[in-house]
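*Asks:* Listed here are the chains, written in short residue letters.
Protein chains: 2
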Amino acid sequence: MRAATIREGEILIEEHPDPVAGSEEVVVQVHAAALNGADMMQRRGLYPAPAGSPQDIPGMEFAGEVIALGAGALRFGVGDRVMGIVGGGAQAELVVAHERVLMAVPEGLDWQAAGGLPEVFTTAHDALFTQAELRPGERLLVHGGAGGVGTAAIQLARAAGASVTASVRNEALREQVGALGASVIAPEGFAEHGPFDVILELVGAPNMAENLQALDTGGRIAVIGVGGGAKSEINLLALMGKRARIHGSTLRARPLEEKALVARRVEREVLPLFEAGELRVPVAETFPLDQAAAAYARFAAGGKLGKIVIVL
Amino acid sequence: MRAATIREGEILIEEHPDPVAGSEEVVVQVHAAALNGADMMQRRGLYPAPAGSPQDIPGMEFAGEVIALGAGALRFGVGDRVMGIVGGGAQAELVVAHERVLMAVPEGLDWQAAGGLPEVFTTAHDALFTQAELRPGERLLVHGGAGGVGTAAIQLARAAGASVTASVRNEALREQVGALGASVIAPEGFAEHGPFDVILELVGAPNMAENLQALDTGGRIAVIGVGGGAKSEINLLALMGKRARIHGSTLRARPLEEKALVARRVEREVLPLFEAGELRVPVAETFPLDQAAAAYARFAAGGKLGKIVIVL
Numbered sequence: 007m008r009a010a011t012i013r014e015g016e017i018l019i020e021e022h023p024d025p026v027a028g029s030e031e032v033v034v035q036v037h038a039a040a041l042n043g044a045d046m047m048q049r050r051g052l053y054p055a056p057a058g059s060p061q062d063i064p065g066m067e068f069a070g071e072v073i074a075l076g077a078g079a080l081r082f083g084v085g086d087r088v089m090g091i092v093g094g095g096a097q098a099e100l101v102v103a104h105e106r107v108l109m110a111v112p113e114g115l116d117w118q119a120a121g122g123l124p125e126v127f128t129t130a131h132d133a134l135f136t137q138a139e140l141r142p143g144e145r146l147l148v149h150g151g152a153g154g155v156g157t158a159a160i161q162l163a164r165a166a167g168a169s170v171t172a173s174v175r176n177e178a179l180r181e182q183v184g185a186l187g188a189s190v191i192a193p194e195g196f197a198e199h200g201p202f203d204v205i206l207e208l209v210g211a212p213n214m215a216e217n218l219q220a221l222d223t224g225g226r227i228a229v230i231g232v233g234g235g236a237k238s239e240i241n242l243l244a245l246m247g248k249r250a251r252i253h254g255s256t257l258r259a260r261p262l263e264e265k266a267l268v269a270r271r272v273e274r275e276v277l278p279l280f281e282a283g284e285l286r287v288p289v290a291e292t293f294p295l296d297q298a299a300a301a302y303a304r305f306a307a308g309g310k311l312g313k314i315v316i317v318l
Numbered sequence: 007m008r009a010a011t012i013r014e015g016e017i018l019i020e021e022h023p024d025p026v027a028g029s030e031e032v033v034v035q036v037h038a039a040a041l042n043g044a045d046m047m048q049r050r051g052l053y054p055a056p057a058g059s060p061q062d063i064p065g066m067e068f069a070g071e072v073i074a075l076g077a078g079a080l081r082f083g084v085g086d087r088v089m090g091i092v093g094g095g096a097q098a099e100l101v102v103a104h105e106r107v108l109m110a111v112p113e114g115l116d117w118q119a120a121g122g123l124p125e126v127f128t129t130a131h132d133a134l135f136t137q138a139e140l141r142p143g144e145r146l147l148v149h150g151g152a153g154g155v156g157t158a159a160i161q162l163a164r165a166a167g168a169s170v171t172a173s174v175r176n177e178a179l180r181e182q183v184g185a186l187g188a189s190v191i192a193p194e195g196f197a198e199h200g201p202f203d204v205i206l207e208l209v210g211a212p213n214m215a216e217n218l219q220a221l222d223t224g225g226r227i228a229v230i231g232v233g234g235g236a237k238s239e240i241n242l243l244a245l246m247g248k249r250a251r252i253h254g255s256t257l258r259a260r261p262l263e264e265k266a267l268v269a270r271r272v273e274r275e276v277l278p279l280f281e282a283g284e285l286r287v288p289v290a291e292t293f294p295l296d297q298a299a300a301a302y303a304r305f306a307a308g309g310k311l312g313k314i315v316i317v318l
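The listed protein sequences correspond, in order, to chains L and V. The first sequence lines up with residues 7 to 318 when you count with the working numbering. The second sequence lines up with residues 7 to 318 when you count with the working numbering.
Chain L with its partners taken away, still in its complex shape (with noise of 0.2 Å):
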């Protein structure tokens, strides 16, 4: 199979045996794989892919049809719609996952947003509610309210019943934020729009002080993005006075049961609104696989709403 491959920095397309599947795994065409921070890292050799998974072969979500089963494989037949995150190796002709982190794409969703769908609205899911707590009526700041992950949070939270504010650096995305249901806000002076019972951070540790003085009392940061920095000063003082907590989480070095546990919500609490037609994928652009380096270059550039999808 050919399959988008990382080799000292670079995005080739190459040659790879095809996988095989193992017990209770299938083997995926691949229809779409979109493009995520993490793979912008890997790149980087930042990010190494987990045990278990292609080391030069990134993609961490994709949509696609079955095309085989693995020993004691029950959960999908031959032809069926999937959707899902793996720990690398989805940006490829062929995939193999396990069928307890797949789920079966929505009717009527097309291969695009599917291909866009599992990553980040499996991550804006469990941080606002399995981490945060987000409970309806309750207010929101989303930081990078533009991306893959802010435009799901933004419709995730809206759709519980919060209400949303996001901030959004590039101001010519600012209206089309806005129509995903979220006040929209410049980055600078955040904190005057609060308070804020939960913070969804996706820039790091530029905003963390600030966020502290925004979070009101018993609020909640969910800390699941770092690219503007690590390393950040506390005030613990602020966080006792306000009953505050902080939590951290990334979804790709979780084990097999916790990220079947996360498919699971995300098919029980998230789907049904993408069948209803409530929630949608917002696309930026789509490329070949042949241009997967092409496609990389622009999640580089940034400045876009919305997900970057190779399309085979």
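No wet-lab data here; the hints were simulated from the structure. We put the CB at the ideal spot given by N, CA and C, even for glycine. A couple of the hints might just be wrong.
Partial list, derived from the structure: chain L residues whose beta carbon lies under 8 Å from chain V [to be verified]:
no., residue
1, Arg180
2, Val229
3, Ile230
4, Asn241
Here are the simulated distance ranges between beta carbons [as the list claims (entries may be wrong)]:
no., chain 1, residue 1, chain 2, residue 2, range
5, V, Gly187, L, Glu198, 41 to 51 Å
6, V, Glu194, L, Gly233, 29 to 39 Å
7, L, Glu194, V, Glu181, 54 to 64 Å
8, V, Ala300, L, Ser189, 53 to 63 Å
9, V, Glu194, L, Glu194, 40 to 50 Å
Given chain L's structure and the hints, the job is docking chain V onto it.
*Replies:* Chain V only, in chain L's frame:
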């Protein structure tokens, strides 16, 4: 009534008007009222009592006898032995408290133990179980294991089936802390004794970087004291990689309904262990009200195991 009184950083004994019970409140004749770190800060002008509490009479926990009932007070009768937490005013002959924040003193518990129970056992229980969600079989590290909250936390965690390591600076106290059920270590290089699932932080900023190192995946840090400093550099990438969380909390500023809720949890989950003889309140030293200033000096000097209690 006579009461310990803060005057320009000094503790004096002065006459105050007798307090009167409002609706659903009771007047308690205080038999014992223990000291806490917050009293030390308040004496220095750093931690004013919350609105509605006496501003110049310190004391946040007490045990005593109900001597009068306000309108609608139903939970206790005159002569009942009660204990509880207030925003201030407990180091006095009389104190008024809402009946919902009071708890009955367990059979067989003497006044000095009962007067030193509410603040530390409530704080430790709330931090360990409600916030950090400590579970049986998990590994807990308590920083400052010889103090009031530390000795309460060790006993509560052991009773819940956790394994406990406690850091204790004062060598002379290590054996006694060990007798409460903890493996006792020096604070220096504590991370080598990890990993830990939960860390109870009573010292503050100086420990935080090593706390993150010492934490296992999915770990939780509960910060409830910052005597060693409040401003701490936190590596958010490490927090993400460990999928960890940091809680900050205080009891004092909580509204009535939250204080009542934690009192119900302590009644249900802690007091039966006192009745069964599984928990005890280590009392380092007692002082009569007349010598409250000496009690403060003793508390500030440190190097004690357990509580300093004013007895009346």
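*Asks:* Double-check Ile230(L) for me: the hint is only fine if its C-beta lies closer than 8 Å to a C-beta in chain V.
*Replies:* Holds - the Cβ of Ile230(L) comes within 8 Å of chain V, reaching about 7 Å at its closest.
*Asks:* Given a hint of 53 to 63 Å, does the C-beta separation of Ala300(V) and Ser189(L) actually sit inside it?
*Replies:* holds, 57 Å
*Asks:* Using the nearest Cβ pair, does Val229(L) come within less than 8 Å of chain V?
*Replies:* Val229(L) check passes; min Cβ-Cβ to chain V is 5 Å, inside 8 Å.
*Asks:* Per the hint of 41 to 51 Å, is the separation of the Cβ atoms of Gly187(V) and Glu198(L) within bounds?
*Replies:* holds, 49 Å
*Asks:* Take the shortest C-beta to C-beta distance between Arg180(L) and chain V; is it under 8 Å?
*Replies:* violated, 26 Å
*Asks:* Could you see if the CB distance from Glu194(L) to Glu181(V) stays within 54 to 64 Å?
*Replies:* holds, 56 Å
*Asks:* May I ask you to test the hint 40 to 50 Å on the CB atoms belonging to Glu194(V) and Glu194(L)?
*Replies:* With a Cβ separation near 43 Å, Glu194(V) and Glu194(L) satisfy 40 to 50 Å, so the hint holds.
*Asks:* Measuring from beta carbon to beta carbon, are Glu194(V) and Gly233(L) in 29 to 39 Å?
*Replies:* Once the Cβ atoms are compared, 36 Å apart, the range 29 to 39 Å for Gly233(L) and Glu194(V) holds.
*Asks:* Is the hint on Asn241(L) kept, meaning its closest Cβ partner in chain V is under 8 Å away?
*Replies:* Hint on Asn241(L): holds, closest Cβ of chain V at ~6 Å, below 8 Å.
This entry does not satisfy hint 1, going by the numbered hints stated previously; all others are met.
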